[in-house]
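Protein chains in written order, with this note's numbering: chain A, 1 to 115; chain B, 1 to 116.
In short, the hints are calculated from the structure, not lab data.
Glycine residues also receive a C-beta, built at the ideal position from the N, C-alpha and C atoms.
Where hints are given, some of them may not hold.
Straight-line Cα separation of at most 27 Å, DSSO-like style, residue types lysine-lysine; simulated pairs [said to hold, decoys possible]:
id	chain 1	residue 1	chain 2	residue 2
1	B	Lys44	B	Lys62
2	A	Lys69	A	Lys49
3	B	Lys51	B	Lys27
4	B	Lys27	B	Lys62
5	A	Lys49	B	Lys44
6	A	Lys69	B	Lys44
7	B	Lys27	A	Lys49
8	B	Lys62	B	Lys51
9	B	Lys71	B	Lys51
Calculated Cβ distances over 12 Å to all of chain B for the following chain A residues [claimed, not checked]:
id	residue
10	Glu15
11	Asn24
12	Gln42
13	Leu56
14	Gly62
15	Glu66
16	Gln71
17	His75
18	Ser80
19	Ile83
20	Ser84
21	Pro103
22	Ile112
23	Val113
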Amino acid sequence: AQSVTQLDSQVPVFEEAPVELRCNYSSSVSVYLFWYVQYPNQGLQLLLKYLSGSTLVKGINGFEAEFNKSQTSFHLRKPSVHISDTAEYFCAVSDRRGGSYIPTFGRGTSLIVHP
Amino acid sequence: NAGVMQNPRHLVRRRGQEARLRCSPMKGHSHVYWYRQLPEEGLKFMVYLQKENIIDESGMPKERFSAEFPKEGPSILRIQQVVRGDSAAYFCASSPGDRRYEETQYFGPGTRLLVL
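Only chain A is shown next, with the shape it has when bound in the complex (with noise of 0.2 Å):
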């Protein structure tokens, strides 16, 4: 069975700062990857995604992640933050399997952005 870790709950940073949300995942086979977020009180919007090609992906709000096949990872990253990016972001990954597609989400990352 798939899983998915997300090694820090709370990333608190300041404002301009860099930012790295790491996630981990464990599959036997190809798979698909997904980071979404979640603002206060509303459902989840996807940032970007990995199917397949240039491991590198590029997603909205200026927010890239790279996908290590090797190291099994698919960490979120933003060269320079802002206030607005407080929320909760959640890694997913889905894969080939059986006849259905059910992602399976990380517990979440907390990312506060500090003035």
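Got chain A sorted already, so can you dock chain B onto it with the hints?
What follows is chain B alone, placed relative to chain A:
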């Protein structure tokens, strides 16, 4: 172009009552997924439905919980005889259903259920 709609946004029930959560997928989407989010936890998959079919309900508790996605109308997640432990945010997501493994899920704003 409306996104995924869920109602009610907030629902308060007393122990033993029934809770009905509704989800209208995005236009053109035929696949619906329900997730539960407990405080300080990620999303836990509950059930995956297509129109008139339950495809995967491996995450659904065996008792008191049921889901449907009729030919017409929204998908319904029904919780009978609610208990305090059912208090959570319930999210619905939809997808087009034409690219199974790689398609993005679009999430609704969630229904926050509080059981008193």
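I'd like to know which numbered hints this structure contradicts. Please list them from smallest to largest. 4, 12, 21
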